[in-house]
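S.K.: What follows is each chain in one-letter form.
There are 2 protein chains.
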Amino acid sequence: MSSDLFFIGIDGGGTKCRARLEDSEGTLLGEGVSGPANIMRDSELAKTSIQEAISLAVASANQTFANKQKISASQCVVGAGLAGANIAGAKREFEAWAHPFHSLYVLSDLHAACLGAHDGASGAAIIIGTGSSGTLWHNNAFHDVGGHGFPIGDKASGAWLGLKAVKHTLLCLDELAPMDTLALEVCSTLRTNDINHIVSKCATFNTHHYAALVEAMLPMLYTKDETVCAMFEEGAAYIETMAQRLLQQHDLPLAMIGGLSNVYSTYFSDSVKARLVACKATPQQGAIHYAKTACFQLKGEK
Amino acid sequence: MSSDLFFIGIDGGGTKCRARLEDSEGTLLGEGVSGPANIMRDSELAKTSIQEAISLAVASANQTFANKQKISASQCVVGAGLAGANIAGAKREFEAWAHPFHSLYVLSDLHAACLGAHDGASGAAIIIGTGSSGTLWHNNAFHDVGGHGFPIGDKASGAWLGLKAVKHTLLCLDELAPMDTLALEVCSTLRTNDINHIVSKCATFNTHHYAALVEAMLPMLYTKDETVCAMFEEGAAYIETMAQRLLQQHDLPLAMIGGLSNVYSTYFSDSVKARLVACKATPQQGAIHYAKTACFQLKGEK
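Which chain is which? The protein sequence lines are E and F, in order.
If you're matching positions, the first sequence starts at 184 in this note's numbering and goes up one per residue.
If you're matching positions, the second sequence starts at 184 in this note's numbering and goes up one per residue.
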């Protein structure tokens, strides 16, 4: 592979876009962080965020290695792990982008995270944060489970937990269930115990707003609050089923990724716990792995 | 009350707007039906629908009573029971309408239905169709329970049942639960068993789309399908709690309104069943009752 090529890995989600710039030897040259890059939600904003994150990474590299030749966009092979890229239509539309890079390889954020976690080797990954989804990378193919978005999918996720907490709070305020600590915590977090105010606030809520309520729920998990424990147990049962489904056919490791991964990992059965491994690398590195493989493959085919 | 005044009752919901025109003696003169009139969702469309339904009712009356003096909008006292009028801000904004009528009295569709069901007397009403909500009319005041909209509220409703069915179907298609009759029925109704197609379809679903799935679920309730029965039982437990809460303090009757009212009524405890009464009049008549009372009151206060 030509040594005047550089490799960039993108991890783009609903709030942030991270870029990692490496030379062909895998040496880290620079990094950059920008705004949202969910191509399903706003594909133009995603392009802007990706360019910004890459500009920052390249600028940082050019500054650090001031005596060397400057890196230009056209020398960069980009692997972009993007939220929304699991939707075939959104991915296809995004790939039509007349980008300024040497080449662009798009995959989902879940797939990039899985490749990163196992450093390109076979293995399963479950991402459980604002959303939830799982995948298995084996025999050069991904096998996805779950996801599908809020509110129809993403069970056990932060958004799912937060919505459950809001529903519960409305029942308590309507006196259809006894008032309890969770409802008081939700009211305190939303800074109102007026049911109409809560309804108005939630009318504008997206997944991140719901997931933000989990911060108030976590301490109640440790004080063994019955309502909150029951919600996490329901979520944990789903994540356990997902893990078993991903691991059932092959003796492969499982990586847990995302803000709620540590919480849910404690609920796993012994057989799933035995497969847990720490992540070897970041989603950005996973995206670079994907781009490098695709780039080599194309060269090989020529 | 001046006999040259006419009274119009409006029942405006998410899909239809119905108008009923009466003379001051309560004689039905004409009726009209038009499109959506949810003032929270689209207040301008609601105004158009209301005017259209009223025009149709007035035209029908003018045609039927061709020899009498024509009825004009300025002679009409309008009581409008409208979806979304439970939201204070939406109601306030709507009431600023420079309407062409003699006067306009706005209340929620739930309140109009309750007044209609008990012909203006004290009593409770639960509406359970696409949405779910309950109210008690007593001592000249309404006491609401539930509602709050989808997906945070409206438990047990058609939309709630349909969302549950979709979630269940995704679990089955992901092989996280065994494939069953409900999942097959949902796939058949949505005319696809491709999980990505289902996710794309549902991304554009509103409450009516979800509620439309209930039609496929109802026959399974009668064949005692376990999954479907469990969903309805969870919904029924909520409606029972709501009924008990509405009826607990006073010995008043309960009217059940909406497409799922007959289904859920069969689950009621004996104590709630003993309070069930048939609806005496329509929501449109309830809205007229409200407008007449308000109109008399204003005259009395003058």
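The set of hints was computed from the structure by calculation and includes no laboratory data.
Be careful, since some hints might not be right.
Since the list can't tell identical chains apart, any single copy or any two copies may satisfy a pair.
[Stated by the list, open to error] Subject to a maximum C-alpha distance of 30 Å in a straight line, what follows is the list of computed BS3-like cross-link-like pairs (lysine-lysine):
no., residue 1, residue 2
1, K384, K199
2, K384, K274
3, K384, K456
4, K456, K350
5, K274, K230
6, K407, K253
7, K384, K407
8, K407, K230
9, K230, K199
10, K350, K199
11, K253, K199
12, K463, K230
13, K350, K384
14, K350, K407
15, K274, K350
16, K463, K384
17, K199, K274
18, K274, K463
19, K274, K407
20, K456, K274
21, K407, K463
22, K456, K230
S.K.: Hint by hint, note whether the structure agrees.
M.R.: Hint-by-hint comparison with the structure:
1. K384 - K199: Both: 24 Å inside a chain and 27 Å across chains, each within 30 Å.
2. K384 - K274: So K384 and K274 pass the 30 Å test across copies only (17 Å; inside, 32 Å).
3. K384 - K456: neither (39 Å within a copy, 36 Å between copies)
4. K456 - K350: The answer is between: 27 Å across copies meets 30 Å, while 32 Å in one copy does not.
5. K274 - K230: within (12 Å within a copy, 41 Å between copies)
6. K407 - K253: For K407 and K253, neither the intra-copy (57 Å) nor the inter-copy (71 Å) Cα distance is at most 30 Å.
7. K384 - K407: within (28 Å within a copy, 39 Å between copies)
8. K407 - K230: The answer is neither: 44 Å in one copy and 52 Å across copies each exceed 30 Å.
9. K230 - K199: within (12 Å within a copy, 42 Å between copies)
10. K350 - K199: Result: close both inside a copy and across copies, 29 Å intra and 28 Å inter.
11. K253 - K199: within (26 Å within a copy, 65 Å between copies)
12. K463 - K230: For K463 and K230, the Cα distance is within 30 Å only inside one copy (28 Å; across copies 60 Å).
13. K350 - K384: Both. Shortest intra-copy (13 Å) and inter-copy (25 Å) distances satisfy the 30 Å Cα cut-off.
14. K350 - K407: The answer is both: 20 Å in one copy and 28 Å across copies each meet 30 Å.
15. K274 - K350: between (34 Å within a copy, 24 Å between copies)
16. K463 - K384: Classified as neither; 40 Å inside a copy, 37 Å across copies.
17. K199 - K274: within (18 Å within a copy, 39 Å between copies)
18. K274 - K463: For K274 and K463, only the intra-copy Cα distance (27 Å) is at most 30 Å; the inter-copy one is 56 Å.
19. K274 - K407: Answer is neither; intra-copy 43 Å and inter-copy 43 Å both fail.
20. K456 - K274: Classified as neither: same-chain Cα gap 34 Å, cross-chain 55 Å, threshold 30 Å.
21. K407 - K463: neither (33 Å within a copy, 50 Å between copies)
22. K456 - K230: neither (39 Å within a copy, 60 Å between copies)
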